[in-house]
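Engineer: With the hints as your guide, set chain B onto chain A.
So the chains spell out like this:
There are 2 protein chains.
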Amino acid sequence: MNTQIEYVRPDEIEKRSFEIIGRELEQRGIVLDAVQEPVTKRVIHTTADFDYADTLVYSENAVEKARNLIKNGAHIVTDTNMAKAGINKKRLAGYGGEVHCFMADEDVAAEAKSRGVTRATVSMERAAALHRPVIFAIGNAPTALISLHEMMQEGVFTPAFIIGVPVGFVNVEAAKELIIQSDVPHIVNRGRKGGSNVAAAICNALVYGIHY
Amino acid sequence: MNTQIEYVRPDEIEKRSFEIIGRELEQRGIVLDAVQEPVTKRVIHTTADFDYADTLVYSENAVEKARNLIKNGAHIVTDTNMAKAGINKKRLAGYGGEVHCFMADEDVAAEAKSRGVTRATVSMERAAALHRPVIFAIGNAPTALISLHEMMQEGVFTPAFIIGVPVGFVNVEAAKELIIQSDVPHIVNRGRKGGSNVAAAICNALVYGIHY
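These protein sequences, in sequence, are chains A and B. The first sequence runs 1445 to 1656 under my numbering. The second sequence runs 1445 to 1656 under my numbering.
One chain only, chain A, in its complex shape (with noise of 0.2 Å):
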């Protein structure tokens, strides 16, 4: 353990968690795809946790099918205000996104009591609405991706891009494994880890990657 302060300017920071990370990634035996080797990293950046290298499941060219839909102006609809919280907002604005968290609207609620459906039918139903490609980030409830997965089945409703890292014991391994076995293009965090700041982190790579 590391218990001397040095002094890294604060611009420096993040440089340099990258460098210690990769370094750590190659002693393990480690190399990642290239292209992926940026959310990947950015992911043990935001949790320390060396295990995403492993656990981390992109679908084919899934990075640069969620920059190029980020790039044409894509949302993102995130199902908790943790996720929301922690995207690069201004970011996103320069391609014309924005960031959603209709689970957490309090007229969600409201409409999904009235109506006697869940949350999650609503969320979607205003997802649908917007009418552009939405990339669907779910770091917290299994239950958004197993809606998410009946609606895709029955035809209503279809995202263009599905990250899907709820974090938990009951039925998540099960509901992750749902979106990897679906045609929708996804990036998916398998086993039981993930969590807002790991869908907030994989969104963030996906925008700070994309150069002109």
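Hints listed in this document are in silico derivations from the structure and should not be mistaken for laboratory results. The beta carbon of each residue, even a glycine, is placed where N, CA and C say it ideally should be. Any given hint might turn out to be false.
[Claimed, not checked] Within a straight-line C-alpha distance of at most 16 Å, the following computed EDC-like cross-link-like pairs (lysine to aspartate or glutamate) qualify: (1) Lys1534(A) with Glu1550(B); (2) Lys1534(A) with Glu1569(B); (3) Lys1533(B) with Glu1542(A); (4) Lys1534(B) with Glu1550(A); (5) Lys1515(A) with Glu1550(A).
[Stated by the list, open to error] Stretch-level coverage of chain A by chain B, calculated; a stretch enters the list once three of its residues show a Cβ under 8 Å from a Cβ in chain B: (6) 1499 to 1508; (7) 1609 to 1616.
[Said to hold, decoys possible] Okay, the calculated bits of chain A under chain B, using three or more residues with CB under 8 Å as the criterion: (8) 1455 to 1467; (9) 1480 to 1493; (10) 1525 to 1534.
Structural biologist: Just chain B now, kept in the frame of chain A:
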């Protein structure tokens, strides 16, 4: 891996999750202190990471002290909007508490710039100006912990309690050791791991665990 979706009533999921966590801690031969247990378990619930059972450090009677503060209307100051978003503000308000994130305030940034000081300095001044007991919950910036420690050393400002769980690779471990060695009551996660989600989980466990 459990890839079968099972129907669990939404209000049962958390209870079931905590049962699984309890069982797995037992299988690992880990016996938690009874008072700290709900806090440690909630962090594991938020991260699906059992490492926290070994690395969370509680100062003497930390949980009792933090709960007493909250019960008496202490405010919570976070270093990120993400941590703020994750804290159950309604429940906290029931005890007269509020959550602030001065670090992310636009006018704090402006004031820091015009005075040539750091945002952390201005944030601590704002916290001191609340004129009430303050719990600091730091999930992101080790520099916030270092500034806090400096102010404590200089006698400028001492919070009533510190939740010190920044995550990362540069100065994070050392910053946490400063707090562990201080006299301020604290809950700190030793090592690199932590995060805004962990900070929020600890705050919520403290708030939820208050019984009259």
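Engineer: Can the region 1455 to 1467 of chain A be counted as covered by chain B under the rule of three residues or more with Cβ-Cβ separation shorter than 8 Å?
Structural biologist: holds (count 5)
Engineer: For the region 1525 to 1534 of chain A, does the count of residues with a C-beta closer than 8 Å to a C-beta of chain B reach 3?
Structural biologist: Satisfied; 5 residues make the cut.
Engineer: Is lysine 1534(A) close enough to glutamate 1550(B), meaning Cα to Cα at most 16 Å?
Structural biologist: holds (14 Å)
Engineer: For lysine 1533(B) and glutamate 1542(A), compute the direct alpha-carbon distance and say whether it is at most 16 Å.
Structural biologist: Distance of about 25 Å is beyond 16 Å: violated.
Engineer: With a cut-off of 16 Å on the C-alpha distance, tell me whether lysine 1534(B) and glutamate 1550(A) pass.
Structural biologist: holds (14 Å)
Engineer: For the pair supplied as a hint, lysine 1534(A) and glutamate 1569(B), is the alpha-carbon distance within the 16 Å limit?
Structural biologist: Status violated; Cα separation ~28 Å.
Engineer: Count the residues of the region 1480 to 1493 of chain A whose Cβ falls closer than 8 Å to any Cβ of chain B, and tell me whether that reaches three.
Structural biologist: holds (count 5)
Engineer: Please verify whether lysine 1515(A) and glutamate 1550(A) have alpha carbons no more than 16 Å apart.
Structural biologist: violated (30 Å)
Engineer: Under 8 Å between beta-carbons, do enough residues of the region 1499 to 1508 of chain A, three at least, approach chain B for the coverage claim to hold?
Structural biologist: Not satisfied, violated; 0 residues make the cut.
Engineer: Count the residues of the region 1609 to 1616 of chain A with a beta-carbon closer than 8 Å to any beta-carbon of chain B: does the count reach three?
Structural biologist: holds (count 6)
The structure fails hints 2, 3, 5 and 6 (numbered hints given earlier, in ascending order).
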